[in-house]
Amino acid sequence: MIRLPTLFWLIIVATTGFAMFAVKYQVQGLADRLTRTVKQADDVERDIRVLDAEWAYLNRPDALAQMNQRFLSLVPIATKQLRTSVADIPMRPAPPPLPPPPPPVVTVAATAPTPDAATIPAGNSTPPAVAPPDAPAQVRLDEPVSAVATESPNPVATTPHEKRIAAAPARPTAVKTASRQAPTHRAASLNELIAQITESR
Amino acid sequence: MSAAFQFDDNPCRPRHFKPPPCMPVVPDGPAKRALDGCRPRLLIMSLAFIIAFVVIAGRLIQVTLLPGSITVPRIARFDPVPPPPPGRADIVDRNGKLLATTLESPSLYANPRQIIDAADVAQKLVATLPGLNRNEVYAKLTSGKGFVWIKRHLTPDQAYAVNQLGLPGLQFQHEERRVYPYGALLSHVVGFTGIDDNGEAGIERGLDSSLRGRQESVQLSIDLRLQYILHEELARVVDDFTARGGAGLIMNVNTGEILAMVSLPDFDPSHPDTLDPRHPEWTVAERMFNRVTLGDYEIGSVFKIFTTAMGLDSGATSMTGRFDATYPIHIGRFTISDYHGKHRWETVPEILMYSSNIGEAKIALAVGADRQQEYLRRFGLMSAPTLELKEIGRPHYPAKWREVNVMTIGFGHGISETPLQIASAGSALVNGGILRPATLLKLPPGGAPQGTRVISAETSDHMRKLLRMVVLYGTGEMVDAPGYVVGGKTGTADKVEGKHYAERKLLSSFLGVFPMTAPKYLVLVMVDEPHPNKSSHGYATAGWTAAPAVGRTIVRIAPLLGVQPVDESSPSIVQALTPESMQGKRIEAY
Chain C
1 MIRLPTLFWL IIVATTGFAM FAVKYQVQGL ADRLTRTVKQ ADDVERDIRV
51 LDAEWAYLNR PDALAQMNQR FLSLVPIATK QLRTSVADIP MRPAPPPLPP
101 PPPPVVTVAA TAPTPDAATI PAGNSTPPAV APPDAPAQVR LDEPVSAVAT
151 ESPNPVATTP HEKRIAAAPA RPTAVKTASR QAPTHRAASL NELIAQITES
201 R
Chain L
1001 MSAAFQFDDN PCRPRHFKPP PCMPVVPDGP AKRALDGCRP RLLIMSLAFI
1051 IAFVVIAGRL IQVTLLPGSI TVPRIARFDP VPPPPPGRAD IVDRNGKLLA
1101 TTLESPSLYA NPRQIIDAAD VAQKLVATLP GLNRNEVYAK LTSGKGFVWI
1151 KRHLTPDQAY AVNQLGLPGL QFQHEERRVY PYGALLSHVV GFTGIDDNGE
1201 AGIERGLDSS LRGRQESVQL SIDLRLQYIL HEELARVVDD FTARGGAGLI
1251 MNVNTGEILA MVSLPDFDPS HPDTLDPRHP EWTVAERMFN RVTLGDYEIG
1301 SVFKIFTTAM GLDSGATSMT GRFDATYPIH IGRFTISDYH GKHRWETVPE
1351 ILMYSSNIGE AKIALAVGAD RQQEYLRRFG LMSAPTLELK EIGRPHYPAK
1401 WREVNVMTIG FGHGISETPL QIASAGSALV NGGILRPATL LKLPPGGAPQ
1451 GTRVISAETS DHMRKLLRMV VLYGTGEMVD APGYVVGGKT GTADKVEGKH
1501 YAERKLLSSF LGVFPMTAPK YLVLVMVDEP HPNKSSHGYA TAGWTAAPAV
1551 GRTIVRIAPL LGVQPVDESS PSIVQALTPE SMQGKRIEAY
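If you read the sequences in order, they're chains C and L. FYI, the numbering used here numbers position 110 of the first sequence as 110, with every residue one higher than the one before it. Just remember that the numbering used here sits 1000 ahead of the position in the second sequence, which is counted from 1.
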């Protein structure tokens, strides 16, 4: 007859034996995986070395110079192109004199009473005939920097943005901005230009 | 049984109090005495076991319950595959660009005993691999040996193609091979290794032992971009003037780091012993020769900066000192005359500006032979320089230092120096007077060596002004790098052939430093035997050959080095770099 303690110890022995073998096989599996992974890492490292060497080879300065000659034609920076501070950058040349802006009151009087102009949807290909003289002033105030650029008044607005502006003058807000003075004199320095921009806002 | 019966003889004993059958028999007499003798032994044994178990239990508690006290690694080290044998360390430039690396490359060998049809195998191999001779391969395959090399260092594509043939008896042996991606660009700096990975030139040879078996790469002070620019400009001037060769060096004057080093003609480190198809006249030995560190040359007028510096520093003369350069000096069978002399009394700045041999000879005389040698020794011009290369030349100078030697050495003849030494000593003249050893290894920021003071800071300040004057009004006018405040000195020397100077064989060099307001970098270009061409109006002197090359190099490298161009005509810069004695005066051009 198997007594209780004997049974107990038998179970314990069987369990530990089973557990030991389970752990052992698990460790073996892990070791195999580790070996494979290390080998893979080695392979990858070897590939990286080859690719590094190839990258260096493809980036030889003479090869880059040849490719530059074929595709880009860049030239070394000339000394006179180097500027050490923003203050050294020359300003753009003065723009040709702008045509005198039309008196805004006349524009309002001509456009406001016509309901058609206000109802024309944005993006319409034929802007109202009265709008164009106002368009340059609008563009100028939207982008103060371009005030110093050469912007000749264009009788027909071409981009959708300008068309929308051209169609807009019937609105009271547009009339309000149009009545403000755009900076007319050319800024002498960067600081002055920034001052002008903040003033016009 | 008989013993139990003896106990049972007691009639008063209760029935259930029956002694167990295994009750020890305690006889009287000799047996009892023997048993009594065993007891202490048993006790000792059990005590020993108890102690052993207590120790084991204590150790168990220590290992499992007190994690801090474990001294053994928690997981024992486990190396399923041995780490790859340490190869040779990579070499990278100061920005980490790979200059030399080791790649695995398969080499093909055969076991002729396993070859079935040698003729067929030879046929197929020759068709697959270029550069094989069918008869040779056939002879190898029928040799009956167990191992013959077919071809070493195959490319991956070739290895793949051989594998595709599927021939038995062919095997690959994985070998390591050194690869130099930039080819000839760094030939003399990096050098090359032989087939068994022995460094045979350049850094590969100089640092051979530390490159072996090292994992992390060796970082050089070389900047690949500057190296390319210097190489290109030097090759251009060598080509333009059909020179025999050239040497170029860019150095950080404040640390001694060499940022670029070019010697022409050069070689391809992958095939060091082949001839250049474009220049078949260049021999292998000539191409291997490092003109910057190994070649020693009579550098000529560039040497005058050292004479002037020692004259000023020793107090033998001053910035306002004057010497008579009206007539040539005759001494023994020598005549010292000027190339483009002014034939009048000249001040010390003028002597350097107009590169007067007579004037420098007189300054050298004023310094004297002993002090001259002492200063040259301090400048490191009397002994071999130190560098991480093995190709190091040493200066040559007369054993007996006579008066005529004092004078000729004063203007750079009769003493030969490597361009490397000239650059190191030149750096010391402008950086405040500290000589630091040149190095090809990148120094950590602020890691410049202490150096030794060779001239006073005041003399160094004078030298800056003088070098600037040479470029503004003297022989270095052709440098033409506006905005970078270049200063420098030209040198045109007749080459020595046997015991005489060869009249038509020149060595033109220019040592330029920029920006002179606070010197940072030195560019040295030396052209060996330039021949005049049309663009130089028949001149092959340094002012027409080396100086423009230095100027072009500076214009290209300054933006990369972060040196900002300034307005050279601004009064503060002009005043800072004009000697006091010459301020406000009209300066005669060269």
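Just to be clear, a hint being listed does not mean it is correct.
[Claimed, not checked] Reference listing, derived: stretches of chain L covered by chain C, where coverage requires no fewer than 3 residues with Cβ under 8 angstroms from a Cβ of chain C:
hint: 1; region: 1101-1109
hint: 2; region: 1482-1496
hint: 3; region: 1536-1549
hint: 4; region: 1571-1578
Don't read these hints as lab results, they were simulated from the structure. Every residue gets a Cβ at the ideal spot worked out from N, C-alpha and C, and that includes glycine.
Evaluation of the provided hints:
Given a C-beta distance limit of less than 8 angstroms, the hint that chain C covers the region 1101-1109 of chain L holds, as 4 residues qualify and 3 suffice. Coverage of the region 1482-1496 of chain L by chain C holds in this model, with 3 residues showing a Cβ closer than 8 angstroms to a Cβ of that chain against a need of three. With 0 residues having a beta carbon nearer than 8 angstroms to a beta carbon of chain C, the region 1536-1549 of chain L misses the requirement of three or more and the stated coverage is violated. Residue count for the region 1571-1578 of chain L with a Cβ under 8 angstroms from a Cβ of chain C: 0. That is fewer than the three needed, and the coverage hint is violated.
Going through the hint list in order, the structure does not satisfy hints 3 and 4.
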